[in-house]
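A.B. asks: For reference, the chains in residue letters:
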Amino acid sequence: MLSTSRAKPCAIERAEEVVSGLALPQALRAPISRYGLLLPCLLFMLGLFVWPILSLLTGGVHSPEVSQALPQTSRAVLAWNGQGLPDDAAFEALIADLRAADRRAVAEAGRRLNYEIAGYRALILKTAARAASTQGKAGLIAIDPKWSENSYWLGLRRAASPITPRYLLAALDLEVRPDGSIGAAPQESAIFLGVLGRTLWISLVVTVSCLLLAFPVAYHIASSSPRWRNLLLLLVLLPFWTSLLVRTSAWVVLLQDNGMINTALLRAGLIETPLRLIFNRTGVYISFIHVMLPLMVLPLYSVMSSISKEYLRAAFSLGASGPRAFFKVYLPLVWPGIWSGTLLTFVVCSGYYVTPLLVGGNTDQMMSYFIAFYTKQTVNWGLAAALAIVLSFAILLVTGLYALVGRRQTIVVKG
Amino acid sequence: MSGSAAPRQQLGPSPWRILTVVISVLVYAFLLLPIIVVLPLGFSSGSFLTYPMPGLSLRWYEELAHNYKWLLALKNSAIVGVCAAALSSVLGVSAALALTSLPPKARALAYGLFIAPLVVPIIILAVALFLFFSKLGLTGSLAGMVLAHTIVGAPYVMISVNAALQNFDTTLVRAAKSLGASPWGAQRRVVFPIIKPAIVAGALFAFVVSFDEVVISLFLASPEQVTLPIRLFDGIRDELTPVVISAATIMLFVSVGGMICVEALRRRSAKARGLQES
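Protein sequence lines correspond, in order, to chains P and G. My numbering applies: residue 278 is where the first sequence begins, and numbers increase by one. My numbering applies: residue 19 is where the second sequence begins, and numbers increase by one.
Keep in mind the hints are simulated off the structure, nothing from the lab. Take these hints with a grain of salt, some might be off.
Stated by the list, open to error - Residues from chain P that face chain G, not an exhaustive set, calculated with beta carbons under 10 Å:
{"no.": "1", "residue": "529"}
{"no.": "2", "residue": "541"}
{"no.": "3", "residue": "628"}
{"no.": "4", "residue": "662"}
By construction, the Cβ of each residue, glycine as well, lies at the ideal position given by its N, Cα and C atoms.
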């Protein structure tokens, strides 16, 4: 299997195998073994990783509940011009659809319609319950006079299309107004840009703090004698290997109101009332930096340990001052480590879930909290998916910018 | 700051050197002290998580050993960890072997796909798996947890074995064949022994990843599938007791012990390949 592949690179090897008489059976076996090995993991990854993620993300714009539960009605209202009431056929279609649809599908459609107009779910369920004994437009309006209002039919029309921008807009604090224009969402629901900003800001603060703290540490390890290096590296690796929850529980024991630090400070008479060190932003920063520091130290160290001291010595012997040698010679050489360390820290940080959940304040949560909240608590999967799209896009954007900056910097270094 | 520094090999003059050392020592303390200070409290005979301890005892560890919920969590963590590590190894090894036989561009693409689970924000992967598994009825089952943990474990096996195959001397295989070995025999007797440390290291890594994994587990597990990290999570949310701290200590020893073995194996594997190359 392996050998067949390795036979490929150069003509001499191939010639050798032709001579040794192995070429023919191998040529036949190669594709089989090659794809035979690749196929299981490929299928596994496509089926259990790529597909679930894609279907989650498309869920942010794809919302087929209404068009599936009420297919005829959806077609009728989408053909309607939106003025006054739709024609009688739409009323008939709604009755027919509600009679034919199963209860679960109707409930799903009701949930979706409720996002358009509050109370729509109750209206649909009530109408569905009586659809069997109802005839025509007058019958529907007799069940509930709301069916004679233009706004409810417009709401149905907005929800009837399987592709909807409403979740994505909501994730960006925007909404579709009844007249079809896009505008700012009402203040009480316009929270997500703030959440996104907070997520990126926390990630930035953590990344910069980690860089400032990790740089001297990585330098310290890299400039130690080989015997010390392994020991010092272990000091960074041990917390890195320790389970996240073990570390989080340690911080809670230390920082909580009746925790070790507050108890010690109170006993020493340094403070009168306990300091609020956890379940707020301070706690998030402390435990985030604790989690991320090794992720920053390791790439910095691996670059620093490969930099020859001759470069700095050359800079000094040519008359460069300490800071000048540092900024002009050392920093550009360490740049790849800074680049990958900060990118890694920022990306991991912005998608983190457990740490901010356990040590953050209730009103100070990050994007991941809201994605989880709309998935499990309110079961608004469309919005959860839209928030996931926004988060992925923000991370992709940062990574893209990084790729650009990284390339430019490399050119500068080379020049 | 300038001229006098020239003969020195360090980054700058000594004040900078001192600052570097001071910051480094503070950072080492920041990284290690919380763990070192808190975990011994599991051995306290009192029920408050603070110093001075009234005395030493194993009462919390005994309570742990007799508590049905913690034992269930330990059992689930072990089952899921072992199964996920085994499945990860099968997939990771076959992926790494398959990668070597692909043309460069396809190889880069497949490599990117296989390590993608480590790059995607964990919350997005967790929600995606939760929604997908609920459709298949796989939420609230250990099988679902094993599959999910394999997604984040297999890439580590693949990376480990792939690294071991990077410097692999292919003349060995040809030598084996010229001596009459069948293709499969050459794999089994020549390739496998050389990549074995890397496979074991990758499998151990996958086990530790699964043993510590909490986000996906929180989404997929019902009370029956509770794992140690989930119990710890609940403990931190509700009330931190010495029992929770003693469980945390056990988790620490499992994952740190596992990782020390991984590191030792990695070094041994690198050494083995170093000998092969020379």
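A.B. asks: Would the hint on residue 628 of chain P be counted as holding, given a Cβ-Cβ threshold of 10 Å to chain G?
C.D. replies: holds (2 Å)
A.B. asks: A closest beta-carbon separation below 10 Å is what the hint needs, so does residue 541 of chain P meet it against chain G?
C.D. replies: holds (8 Å)
A.B. asks: Does residue 529 of chain P pass the interface check with chain G, least Cβ-Cβ distance below 10 Å?
C.D. replies: holds (6 Å)
A.B. asks: Are residue 662 of chain P and chain G close enough, Cβ to Cβ, to be under 10 Å, as the hint says?
C.D. replies: Nearest chain G Cβ about 8 Å off; hint holds.
Checked against the numbered hints given earlier, the structure satisfies every one of them.
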